[in-house]
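Residue numbers (the working numbering), protein chains in the order written: chain A, 22 to 142; chain B, 22 to 142; chain C, 22 to 142; chain D, 22 to 142.
Please keep in mind that the hints were generated in silico from the structure rather than gathered at the bench.
Wrong hints could be hidden among the right ones.
Note: identical chains are not told apart, hence a pair may lie in one copy or across any two.
[Unchecked claim] Pairs of lysine to aspartate or glutamate, EDC-like flavour, derived with a Cα cap of 16 Å:
#	residue 1	residue 2
1	K94	E57
2	K25	E58
3	K83	D69
4	K83	E71
5	K83	E57
6	K83	E68
7	K92	E75
8	K26	D69
9	K27	D91
Protein chains: 4
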Amino acid sequence: MIGKKKWIIPDGFLQPISTGDQISHEAVCVLNVEEEEAEIKMTFYFEDREPMTEFVTTCGAKRTHHIRLDKIKDANGDEVPRGVPYAIEVDSSVPIVIQHSRLDTSQEALALFTTMAYSAE
Amino acid sequence: MIGKKKWIIPDGFLQPISTGDQISHEAVCVLNVEEEEAEIKMTFYFEDREPMTEFVTTCGAKRTHHIRLDKIKDANGDEVPRGVPYAIEVDSSVPIVIQHSRLDTSQEALALFTTMAYSAE
Amino acid sequence: MIGKKKWIIPDGFLQPISTGDQISHEAVCVLNVEEEEAEIKMTFYFEDREPMTEFVTTCGAKRTHHIRLDKIKDANGDEVPRGVPYAIEVDSSVPIVIQHSRLDTSQEALALFTTMAYSAE
Amino acid sequence: MIGKKKWIIPDGFLQPISTGDQISHEAVCVLNVEEEEAEIKMTFYFEDREPMTEFVTTCGAKRTHHIRLDKIKDANGDEVPRGVPYAIEVDSSVPIVIQHSRLDTSQEALALFTTMAYSAE
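Can you make the complete structure from the sequences, with help from the hints?
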C-alpha cells in the first residue's frame with residue numbers, strides 16, 4: 022500500500038486574473054497505484070465562513086488525476102470561490118499520494134509553485 | 022488530531038520591491054481542523070541579531086488563516102524587517118498544519134514559491 | 022543507508038511550448054551517496070491510458086543524475102508524451118533521494134517549481 | 022532538539038546567466054534553534070566527477086544562516102562550478118533544519134523555487 026488516505030494543503034487560492042493563453046488555476050494531483058479506484062472527497066476551509074464539504078471525485082486504479090480546482094463543483098453545483106484564501110483536506114477510500122500546484126498568470130509571463138501535501142497519520 | 026504544534030521555516034525574506042498590482046510578500050498558511058481555536062506564536066530568527074519573539078495571532082476551529090508576514094506586528098508594534106534573511110518558528114496551542122509561500126514582484130511579472138513547513142515533534 | 026528505494030511524484034507535465042533560449046522540461050533529480058550504482062526504473066501513470074513501465078537508467082555511486090524527462094526513451098524507443106498530465110513512480114536497486122523540478126518557458130520569461138518526491142517505504 | 026544533523030538536496034544548479042538587478046543564485050537556508058553553534062560541512066556531488074567535500078561554514082545558536090552557494094569557497098579556495106547539475110549533502114554538529122531555494126533571472130523577470138531538504142535518518 023503506497024500513500025495515505027488523508028492529506029492536508031493549507032495554502033489554496035484561485036487567482037481570478039489571467040493573461041496570455043493559460044488560465045490561472047490550482048490542481049490537486051493524485052496518484053493511485055493500488056488495484057482499486059479511489060473515491061475522493063475534498064473539504065475546503067476558509068478564513069471567515071463555514072467549510073464547504075461536498076466536493077467528490079475519483080481516481081482510477083493505476084491512474085493519476087490532476088484535479089483542476091477551478092473546474093470542480095460540489096453536490097449543489099457550487100464552485101470553489103475565487104480570490105479568497107482557502108485550505109484543503111483530501112480524504113480517499115484507498116491510499117493515494119497528493120501534490121498541490123498553482124499556475125498564476127495574473128501579471129505578465131507565468132508563475133508556478135508546487136509541494137507535496139502533508140499526509141496526516 | 023491532525024498536524025503538529027511546532028513548525029520550522031528556514032527561508033524567510035520580505036522582498037522590499039514590488040512592481041505591478043501585487044505587493045511582494047510572504048504568508049504562513051495555517052489549517053486548523055480541530056474543534057478548538059489555535060493560539061499561535063511566531064518567533065523570527067536572524068543572521069546577526071537576537072530573535073524577535075512576540076508575534077501572536079490565532080486560527081479559528083475549522084478555519085484557515087493565511088498570515089501575511091508583511092502586515093503582522095509584535096507586542097511592541099514592530100514589524101518583520103524588510104530585505105534581511107530570517108527564519109521562523111511557529112508554536113500553536115493545538116495541532117495545525119503549516120505551508121509557507123512567497124510572492125515576489127521585484128522584477129517584471131511575478132514569481133512564487135511554496136513548501137510545507139518542517140514539523141518538529 | 023541514506024534515502025529510500027521507492028519514490029512517488031504525482032504532478033508531472035511536459036510543457037510542449039518554449040520561448041527564449043531554454044526548453045521547457047522536467048527533471049527527476051537523483052542523489053546516490055551509496056557505494057553501489059543504482060539501477061533506476063521509472064513508471065509513468067496517466068489519466069486515461071495504461072501506464073508506461075520500461076524507462077530504465079542508472080545513477081553511479083557517489084553521483085547525482087538529473088534525469089531529463091523530455092529526453093529519456095523506454096525499451097521501445099518511445100518518449101514521455103507531451104502536453105498530458107502524468108505521475109511517476111521511481112524504483113531503485115539501492116536507496117536514493119529524489120527531488121522533482123519543472124522549468125516552463127511557455128509564456129515570456131520562465132517559471133520554476135520543485136519539491137522533494139514522496140518516499141514510499 | 023529540533024531538526025536533524027544530515028540533510029540531502031538532489032537538485033542543485035547555479036544558473037550562470039542573470040538579467041536585471043538580481044544575480045541568479047541558490048541558497049541553503051539553515052535554522053539552528055539550539056544553544057550551541059552548528060559546524061556545517063557541505064559535500065557537492067556531480068554527474069561525471071568526484072565529489073567536492075571541503076565546504077565548511079557555521080550557523081550560530083538561535084540564528085539563521087542563508088548560505089549563498091554562489092559565494093562559498095572550499096578549503097582550496099575553489100567555488101561551486103556554474104552551469105552543471107549537482108546535489109548537496111549537509112552535515113551539522115548539532116540538529117538544524119534546512120530549506121533549499123533557487124533564484125533564476127536568466128530570462129526576463131525572475132523565477133523562484135524552494136523545498137524543505139530531505140532529512141536522512
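Structure-based check of all given hints:
no. : hint      : in the structure
1   : K94 - E57 : neither (24 Å within a copy, 29 Å between copies)
2   : K25 - E58 : within (14 Å within a copy, 26 Å between copies)
3   : K83 - D69 : between (38 Å within a copy, 10 Å between copies)
4   : K83 - E71 : between (35 Å within a copy, 8 Å between copies)
5   : K83 - E57 : within (8 Å within a copy, 31 Å between copies)
6   : K83 - E68 : between (36 Å within a copy, 9 Å between copies)
7   : K92 - E75 : within (14 Å within a copy, 33 Å between copies)
8   : K26 - D69 : neither (27 Å within a copy, 22 Å between copies)
9   : K27 - D91 : neither (22 Å within a copy, 32 Å between copies)
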